[in-house]
Amino acid sequence: MPDKHFVIPRQDINREDFTSSIPDFNRRAEIMKTDMGYKCIVTNIVQLTKQEKLFKLRIIDPQERGIFRFKPGQFLMLELPGYGDVPISISSSNSNHEFIELCIRKAGHVTSALFTLGEGAHVAIRGPFGSAFPMDEMAGNNVLLIAGGLGFAPLRAPLFWINEHRERFLNVHVLYGVKEPSQQLFTYQFDEWEKISHITLHTIAEHAEEGWIGKTGMITDLFNDITIDPEHTYAIVCGPPVMFKIVCSYLDKLGIPMNRMFVSLERRMHCGMGKCCRCMVGSTFTCVDGPVFDYWSVINLKEAI
Amino acid sequence: MISMKYQGFTFEKLKIASFDFTCCEGCQLQLANRESSLLDFLELLDIRNFRELSTEKNNDYDIALIEGSLSREDEVERLQAIRRQAKTLIAFGTCACFGGVNSLKNKFPLQESVAEVYPGMQIDTMPVRKISDVVKVDLSIPGCPVNKEEVERIMVHLATGSLITLPNYPVCFECKAQLNTCMFELGEICLGPITRGGCNAVCTSGKTPCLGCRGPSEEINMPAFIELVTERKLSPDDLQEKMAFYNAFEEFCDHEA
Amino acid sequence: MKRDLTLDIRHLTRVEGHANISITVKDGKLLDARWAVVETPRFFEVMVKGMSAERVPFLTSRICGICSISHALASIRALERAMTIEPPDVAKQIRLLAMHGETLQSHALHLFFLVAPDFTGHGSVLPLITSHPDLIKAGLRLKELGNQISTVSAGRCTHPVSLVVGGVSKAPEKQQLLQLRTMIRESKPALDTACSFFRTLTIPEFKRETEFISLCNGSRYPSIGGDIISTDGVRRNENEYLLMTNEYSRDFSTSKFTRLSRESSVAGALARFNNNYDLLHPRAKEAAAAFALQPVCHNPFMNNIAQLIECVHILEDAEELINSLVDMELQEIKTPYAPKAGSATGAVEAPRGILYHHLETSDEGKVVRADCIIPTTQNNANIEYDLGAIAEQALQEGKNDREIEKLCEMAVRSYDPCISCSVH
Amino acid sequence: MIYKVIAKSEFKRFTDALLRDNTSFGPRQVDTDSRGTAVYQFLPVSSSDDVAFDYTATASSAKHFFLPFREELSRFTFNDQEWDQQITYEANPIVLIGLRACDISALNILDDVLLNGHFPSPYYLAKRKNTFVIGIDHLPLPDCFCKSMSHHTISTGFNVFCSDIGEDYYLSINSSKAFNFLKEFETRDPHDDDNCRLVERRKIISNSFLSEVDVTALPSILDIEFDSPVWEKWGNKCLNCGTCAMVCPTCYCYSVEESFDTDLKGASRQKKLYSCNLVDFAEVAGGHNFRPKNGDRLKYRYYHQHRGFAENANQQICVGCNRCGRACLAGINPKDVINDLRMEKESCLTNISSSPDRI
Ligand SMILES: Cc1cc2nc3c(=O)[nH]c(=O)nc-3n(C[C@H](O)[C@H](O)[C@H](O)COP(=O)(O)OP(=O)(O)OC[C@H]3O[C@@H](n4cnc5c(N)ncnc54)[C@H](O)[C@@H]3O)c2cc1C
Ligand code: SF4
Ligand code: SF4
Ligand code: SF4
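Residue numbers (the working numbering), protein chains in the order written: chain A, 1 to 305; chain B, 1001 to 1257; chain C, 2001 to 2424; chain D, 3001 to 3359.
Since the hints were made in silico from the structure, they are not lab data. These figures come from a predicted structure and were not determined experimentally. Be aware that a few hints might be false.
[Stated by the list, open to error] Derived BS3-like pairs: lysine-lysine, alpha-carbon spacing no greater than 25 Å straight-line:
#1 A/LYS4 / D/LYS3008
#2 D/LYS3129 / A/LYS33
#3 A/LYS302 / D/LYS3012
#4 C/LYS2340 / C/LYS2092
#5 C/LYS2174 / C/LYS2340
#6 D/LYS3335 / A/LYS4
#7 B/LYS1013 / D/LYS3265
#8 C/LYS2340 / B/LYS1233
#9 B/LYS1015 / D/LYS3265
#10 D/LYS3183 / A/LYS4
#11 B/LYS1005 / A/LYS106
#12 C/LYS2029 / C/LYS2049
#13 C/LYS2029 / C/LYS2399
#14 A/LYS195 / A/LYS245
#15 D/LYS3233 / B/LYS1233
#16 C/LYS2174 / B/LYS1233
#17 C/LYS2137 / B/LYS1107
#18 C/LYS2207 / C/LYS2399
#19 B/LYS1005 / A/LYS56
#20 D/LYS3233 / A/LYS302
#21 D/LYS3177 / A/LYS4
#22 A/LYS179 / A/LYS245
#23 B/LYS1107 / C/LYS2207
#24 A/LYS71 / A/LYS53
#25 B/LYS1013 / C/LYS2340
#26 C/LYS2174 / D/LYS3012
#27 B/LYS1015 / B/LYS1087
#28 A/LYS195 / A/LYS253
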């Protein structure tokens, strides 16, 4: 049969192939953007500490800006072409649809390159990815926000949320520990939060520096300053792994149910979509099932903390 | 001289110099290979001193590529002078990183060797040393010869201020991506499981065992490797000969002996 | 016109390895001309002692980064002859192809990167990238082709991986060979560009009669093995290499010197050309005619042209080799062997001339003694005599010091010396 | 599904036509190992003569036709102050001939993970849709344990699957493409005795398995045995080479690398298959490694393969081909490791008096 041909026709794939079956428009837009990313312009950069900067981004395309929505606790993959992309928690309010703020620590390859950027530079974001803090579920209760160091970055979004819905919460305490006072983030907003939003801030530093009049010690020392009503309290804990362990087991002893404590985990990530498997903890993806987990799930995840 | 502006980054050409010591100059030669991107590669560089390529010399360079090992006192002095000038000193190739094949001569008494090759002559020579025995090395690019693709990537990374890393997995990983039949299955000892990848398993792809020119991979499991050679009843002498070939497993060889 | 001249060039540039030129002329009379190789010796002949034969080619290839394939094959040939191993035909063809790739790559590197700047008046090839873009593209194309031929046939172009005692460890895929053939065909215009460029150059007029030595193996332009012949009529068997070289040391040079019938002799492209003109491919002969080059030519500067002619030959011959390889079964590529005691010489035509490895094995197949004689070594004496003669002639022609210095450098470069290789 | 019977000689004509007109890959012998066993790989083929129809199993799986060892995800081109991003999901059609039931099962599992999850992968889909899969059944090797994993038979995931029933192949046709091609060749509807021969063939295959791995309740055992000394024991043998994941038909973990082009006018984002056994798999900025020990990493491979991850509904993704076991120089293989774990578990169950808070 020499003259017959059996060439397999080529099938072209485009994004719509995937999304045709997904009616929810937001999901659809989200999937379409998982490889391409939203192009953003860096509109403002604030040096917060020696190691951290706050980047304010604006999605350039107004239509895309209209699509991008996230929940407090979610993260995105921030791409600087040529250097790579890194997972970063969103540090701004999710009701702000104009800008996205990211608090970034200079830690290595990509983050160092980001630090040399100036205003007007273009970056891309993919996402948002991951789970969020259950803000609605927390409503009607006291909230403890406990942050260590850079852990304040993922806490800022829920804090904004609480500010914006202050009437729905009882007492809100922020416990914030750092190694050195100069490492404190967002100090310029402390006043506003305390005075306007009636949030009680407790700060502590491990080592005092010149001019520090605040407390020195470990973050757990701050628990002496507050009374906790375990029946009606939710806690959000973000910080280095050791801190999770100490703080959460302390709260556990106080009687706060494990499923009312939330942590945000950090792992190595390359995709953000549960495909590269770099962020596995136990049998769970930090990027899809997390980064926000309740403490009950965490202690059930081997190697989580 | 600005070669490229991108988002507020300005990438300057790399002021580079290349020096060869005791070696075959095969690594320098690689700089002229990979012809398809050679002109772009040369665009990245502001070549200040490169005797093999150019008559012009200029001793104002930032990056020094050091090829070869040291086997004569005057080489040590020359190297120290280079170290004083260079901001980044790169050990370029296996000879520079580990001593390379040249180190095999260290097994023989020096004077006997001289008498054998240059009977009746005075020859200035000393036991072979690697570059880091004498000066601080900022970056190592192993390979006998170096893999031009890797060199190119590292130069791009230097120019763009990106992080420079070598693969930290063993050759086997890349060997499998080439769909090679494992040399051990063919009854040969291969140093792939303990050698740093990044060469695309070029030797095993040509069906010859890896001799470890790229040096030990990260956190190698030497006891398990020795056990595997023993279990398969392969020759321990062959293993020793292979591990000694580039002097890259010096620390492990002694440990075994 | 009587003149004085002192030339002292320390670490000649654009050559492989470290060497110095010094020339002293007083009252128009040559007092001294010296070609001193100051490269650090590595003692390969000592290192191989006790090493298993199968590993030795991998070690000796590291004698030289440019002609590593020749070194590997010289060792392999010596070992196969010492242990009486006959490699399969396919393997022999693959090896020839690998040699072609290396020679092409080496000649291209030499002609375009190292020699061309001399004629255009530049210090390096870099300015030529903008002044002669087509020439450089052609040069890169040929170099890339050379490297690709070696990579396909030997696994890697520098320090080959699949050339082993007994044959080859891996044969190229037919598909790769076919692609290579296409690449060869498509590279021919690049070679034409190169030839036209070199035809526009004025090659310095100079002549000093000398003896040209090369291999000769019957029906093929020499590459691997064969008798050793000279333009003075000497012909000897490979194993008698010592009688052909008569190696001796000079106290100022770490590279040795050799001689045969006269005070000096030459190996290399021009020697091969002078001795084996008849075996060149007709297209190569055509190209030679365009340069009015015919045997026996005694102008060392014409070595560059001989290299170019060889490139033409290589492209044609490599294509023919591939044509025959694609029709062969590529299964039997290695002859199994048992180690045994013996000793033999392996001679191959490296890009720069005859390369001898003489190896002796023990019963267990370990190498117990080695001797390597490198092409550049065989040219050292001739380089030195040429330098004196060139300086004298140039003085008579009334050239100034700078011009003479440049001419001397060019003369040395035309030999394409491979210095670190000669001090092994 | 449509069933047909085709004479082997006619099938050869069919494959000849297909392999001639398309870029095709099939099993070919590449070597004979030192024990005299033939070694096969999926390599380019252009006629049925190139295909080793009687092959046993390939050393490496067919995974890399769908998940290449290295793949460009996107490309950036820079202009004066800015950049553009380009992504293509293009794939050229290929024919893959000779896949075993477990190999096709592996593709179905990859489909599940990469297409049915929360974020489907277009890169994978493009390749999967453009691959024409011809499966062929076979008798298992002594160390195959795909039966234990229930992957020794297959009913989806291929275009056509051939069961060897003597002079003929019993074809299961699962795509209109395959059906249309086959129209041009001589086939017939199966008779009763063809069906009998098929049942018999399946029985023979099923009864030929020599290796068995008890996977009942394995996911929970893996959870319980998280701190078992078994991991350290096998971990101490592991060479951290990643070979197991490279040859595995379902290991899909990867790394992403981005680098500037040499001319600095653009950049490329590339994905590279990775292995959880490599030392830096779980290392984060600052150098902290969440899995610093060989045993931790090895455990994760087993965890992923045999416990499954939340994203794929906790199903096991190992198909039981034992490629990793065959390729591992350290002699680590699923059968031994899992049996070891079970023994651990059983010894602790029989020894009730030991520490009650162990679980
Ligand atoms: C869910 C999540 C939220 C995060 N939020 C923030 C934040 O708000 N602010 C902040 O400063 N940092 C945050 N990080 C950490 C941040 O992602 C790492 O510091 C960053 O990836 C380091 O990249 P690098 O290239 O600079 O470092 P290198 O050490 O050079 O890393 C090289 C590569 O390794 C990978 N990698 C290394 N460390 C990590 C890591 N910790 N997580 C993921 N991938 C890693 C990346 O692919 C990176 O490109 C977060 C991490 C996660 C997982
Ligand atoms: S041949 Fe060598 S590098 Fe390749 S898998 Fe085997 S041991 Fe590893
Ligand atoms: S396989 Fe081994 S010897 Fe060969 S290049 Fe790679 S590291 Fe070097
Ligand atoms: S289990 Fe075996 S194959 Fe896998 S990484 Fe360890 S040693 Fe390598």
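The hints, checked one at a time:
Taking the CA atoms of A/LYS4 and D/LYS3008, the gap is near 20 Å; set against the 25 Å cutoff, the hint holds. Note on D/LYS3129 and A/LYS33: the hinted pairing holds, with a Cα-Cα distance of about 22 Å set against a maximum of 25 Å. A C-alpha spacing of about 53 Å is found between A/LYS302 and D/LYS3012, which places the hinted pair above 25 Å, so the restraint is violated. The straight-line distance between the Cα atoms of C/LYS2340 and C/LYS2092 is roughly 22 Å, inside the 25 Å bound, and the hint therefore holds.
In summary, the hint linking C/LYS2174 to C/LYS2340 is not supported, as the alpha carbons are separated by about 35 Å, beyond the 25 Å threshold. Restraint check: the Cα-Cα separation between D/LYS3335 and A/LYS4 comes to about 48 Å, which exceeds 25 Å; the hinted pair is violated. Our distance criterion of 25 Å between C-alpha atoms is met by B/LYS1013 and D/LYS3265, whose separation comes to about 14 Å. With a CA separation close to 23 Å, the supplied pair C/LYS2340 and B/LYS1233 stays within the 25 Å bound.
In summary, the hint linking B/LYS1015 to D/LYS3265 is supported, as the alpha carbons are separated by about 20 Å, within the 25 Å threshold. A C-alpha spacing of about 12 Å is found between D/LYS3183 and A/LYS4, which places the hinted pair at or below 25 Å, so the restraint holds. For the proposed pair B/LYS1005 and A/LYS106, the alpha carbon gap of about 22 Å is at most 25 Å, so the pair holds. Pair hint C/LYS2029 plus C/LYS2049 does not hold up; C-alpha atoms about 48 Å apart against a cutoff of 25 Å.
Between C/LYS2029 and C/LYS2399 the CA atoms are separated by roughly 15 Å; this keeps the pair inside 25 Å, and the hint holds. Pair hint A/LYS195 plus A/LYS245 does not hold up; C-alpha atoms about 32 Å apart against a cutoff of 25 Å. For the proposed pair D/LYS3233 and B/LYS1233, the alpha carbon gap of about 23 Å is at most 25 Å, so the pair holds. Under the criterion of a C-alpha separation no larger than 25 Å, the hint pairing C/LYS2174 with B/LYS1233 is inconsistent with the structure, at around 36 Å.
A threshold of 25 Å between alpha carbons decides the hint, and for C/LYS2137 with B/LYS1107 the separation of about 46 Å lies outside it, so the pair is violated. Distance check on the hinted pair: C/LYS2207 and C/LYS2399 sit about 17 Å apart at the alpha-carbon level, within 25 Å; holds. Using a Cα cut-off of 25 Å, the hinted pair B/LYS1005 and A/LYS56 holds, with the two alpha carbons roughly 23 Å apart. Restraint check for D/LYS3233 and A/LYS302: satisfied, since their Cα atoms lie roughly 19 Å apart, inside the 25 Å limit.
Proposed proximity of D/LYS3177 and A/LYS4 is supported: the alpha carbons are some 15 Å apart, at most 25 Å. Restraint check for A/LYS179 and A/LYS245: the C-alpha separation of about 18 Å stays at or below 25 Å, so the hint holds. Between B/LYS1107 and C/LYS2207 the CA atoms are separated by roughly 48 Å; this puts the pair beyond 25 Å, and the hint is violated. About 22 Å separates the Cα atoms of A/LYS71 and A/LYS53, which keeps this hinted pair within 25 Å; it holds.
As the CA atoms of B/LYS1013 and C/LYS2340 are separated by approximately 56 Å, the hinted pair breaks the 25 Å bound. Distance check on the hinted pair: C/LYS2174 and D/LYS3012 sit about 23 Å apart at the alpha-carbon level, within 25 Å; holds. Taken as a hint, the B/LYS1015 and B/LYS1087 pair is honoured in the structure, with Cα atoms around 10 Å apart against an allowance of 25 Å. For the hint pairing A/LYS195 with A/LYS253, the CA-to-CA distance comes to about 32 Å; that exceeds 25 Å, so the pair is violated.
Hint compliance for this structure: hints 3, 5, 6, 12, 14, 16, 17, 23, 25, 28 are not met, and every other hint is.
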